[in-house]
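Please put together the full structure from these sequences, using the hints given.
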Amino acid sequence: MEYVFWLAALASVFVCGGYWAELSPLFANRHLILTEIAWLALFALSLDLILGYAGIISLGHAAFFGLGSYVAALLAKHAIINEPVLALVVSGLAAAVLGFATSFLVLRGSDLARLMVTLGVALIMREVANQIPDITGGADGLQGVSIGPILGMFHFDIFGHVGYVYCLLVLFVLFVIARRIVYSPFGLSLRAVKGNALRSSLVGISVDGRLVAVYTLAAFYAGVAGALLAQTTAFASLDVFSFERSADLLLVLIIGGTGYLYGGPIGAVAFKLIQDSLATFDPQYWQYWIGLLLVFLVLFGRIYGALIAVIVFAVSHALRLSFFECALIMLVIGIGYGHIRSGLNVLDARIDRLIRRSRAARQGLLQRKA
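Just so we're aligned: the sequence shown equals residues 2 to 371 in this note's numbering.
Hints in this document: simulated from the structure, not taken from any laboratory.
Note that the structure is a prediction, hence the values are computed from the model and not measured.
Fair warning: there could be bad hints in the mix.
Once the Cα atoms are required to be at most 25 Å apart in a straight line, the calculated SDA-like pairs of lysine to any residue come out as [claimed, not checked]:
#1 Lys273 <-> Asp135
#2 Lys78 <-> Val98
#3 Lys195 <-> Gly121
#4 Lys195 <-> Tyr263
#5 Lys78 <-> Asp135
#6 Lys273 <-> Asp158
#7 Lys78 <-> Ile133
#8 Lys78 <-> Ala235
#9 Lys273 <-> Phe173
#10 Lys195 <-> Ala102
#11 Lys78 <-> Leu33
So the derived label-pair ranges between C-beta atoms look like this [claimed, not checked]:
#12 Val177 <-> Leu152: 16 to 22 Å
#13 Met154 <-> Leu203: 52 to 58 Å
#14 Ala248 <-> Val129: 16 to 22 Å
#15 Ile206 <-> Met154: 44 to 50 Å
#16 Gln288 <-> Asp135: 33 to 39 Å
#17 Ala248 <-> Ser202: 29 to 35 Å
#18 Leu295 <-> Phe173: 24 to 30 Å
#19 Arg181 <-> Leu87: 29 to 35 Å
#20 Ile178 <-> Arg358: 33 to 39 Å
#21 Pro134 <-> Gly196: 44 to 50 Å
#22 Arg181 <-> Gln288: 36 to 42 Å
#23 Gly145 <-> Ser185: 39 to 45 Å
Heads up, the beta-carbon is just placed ideally off N, CA and C, and yes, glycines get one too.
Structure representation (structure tokens):
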């Protein structure tokens, strides 16, 4: 599985250009969307570290992503650090500091309280960036950013070739580091904390210390992902702090799965390709189709849900059904599935009761004979 994923990523560097781009327009000028997939995969990986391995759910992970993006853009705009790799590390460290400072607030409450705290942090960061336009550009964003060459040799191009290779290498390095961490004793203790925090503390595991450490690490990864966005687009705006970005991140993990590191990258690939394809086929209602896919993924599971969503989309597109007709089809399928599943659950409960009564009667008969 690992070799296939990274070989496919490596092949995409060559397939989306040169001879293959001339052979088919499908492969032409795809490095820009591949670059988005790469930094989104790293962003999703950062959330998976706290959600899949520590059980911390967040609706404001964009706070660290946005801070990393603005720090990288400011460092480049004012020529403080011209080397993108060094600026990448500094941006990640800035996000890690914010993650460490807010981790104590996040760990104090339950899941619902954590959701509100993380969302509040992201909203505060967005408003702070909006209120200091002299530094951040305010609502207009940070423009006029000039990114220097990577290691003084590789200049960013408008087609995204260098940017994609750069993002892919950063993703690979940080993925390897994350893999070593989650399979280390520290990672195993995180899984124990997620399974039962009380028992973990009784056997000597520092629960709060582990959670603070992984939350800070996840913030670093998110900050690096945000810096990659700023460096490859030479722009930073308030959108990097938006709730929609955090919500999209959760959708990526729903598609790819949590608790194993490849869930984020796989979900990022699927999400971006689906988003790009649906925006091409149906520019007006493409968000509806993504919502439809999410509903079916939750109702029927990832594989079956995706297949049903694809079938509904294909039939609707072939028959040229309107938006409301498609919504009606989805509603009928959802209600029908709910009734069928409820009926099957009732039937299963009745069969289970009959089996228990039969076993009890048989045991009573054997006891009488004895």
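These are the hints, each one checked on the structure:
1. Lys273 <-> Asp135: Roughly 34 Å separates the two Cα atoms, so the pair is violated.
2. Lys78 <-> Val98: Roughly 22 Å separates the two Cα atoms, so the pair holds.
3. Lys195 <-> Gly121: With a Cα-Cα distance of about 24 Å, the restraint between Lys195 and Gly121 holds, given a limit of 25 Å.
4. Lys195 <-> Tyr263: Holds - the C-alpha atoms of Tyr263 and Lys195 are around 19 Å apart, at most 25 Å.
5. Lys78 <-> Asp135: Answer holds: Lys78 to Asp135 is near 13 Å, not above 25 Å.
6. Lys273 <-> Asp158: holds, 22 Å
7. Lys78 <-> Ile133: holds, 16 Å
8. Lys78 <-> Ala235: Satisfied, since the Cα-Cα distance of roughly 9 Å is no more than 25 Å.
9. Lys273 <-> Phe173: Status holds; Cα separation ~19 Å.
10. Lys195 <-> Ala102: Distance ~22 Å between Lys195 and Ala102 Cα, so the pair holds.
11. Lys78 <-> Leu33: Roughly 22 Å between the alpha carbons, so the hint for Lys78 and Leu33 holds.
12. Val177 <-> Leu152: 16 to 22 Å: holds, 20 Å
13. Met154 <-> Leu203: 52 to 58 Å: holds, 54 Å
14. Ala248 <-> Val129: 16 to 22 Å: The hinted range 16 to 22 Å holds for Ala248 and Val129, with Cβ atoms some 21 Å apart.
15. Ile206 <-> Met154: 44 to 50 Å: holds, 46 Å
16. Gln288 <-> Asp135: 33 to 39 Å: Holds: the Cβ-Cβ distance is about 35 Å, inside 33 to 39 Å.
17. Ala248 <-> Ser202: 29 to 35 Å: Holds - the Cβ-Cβ distance for Ala248 and Ser202, about 33 Å, lies within 29 to 35 Å.
18. Leu295 <-> Phe173: 24 to 30 Å: holds, 29 Å
19. Arg181 <-> Leu87: 29 to 35 Å: For Leu87 against Arg181, whose Cβ atoms are near 23 Å apart, the range 29 to 35 Å is violated.
20. Ile178 <-> Arg358: 33 to 39 Å: Roughly 57 Å apart at Cβ, these two residues miss the hinted range, so it is violated.
21. Pro134 <-> Gly196: 44 to 50 Å: holds, 47 Å
22. Arg181 <-> Gln288: 36 to 42 Å: Because 38 Å falls inside the window, the suggested range holds.
23. Gly145 <-> Ser185: 39 to 45 Å: holds, 43 Å
In this structure, the hints that do not hold are numbers 1, 19, 20, in rising order.
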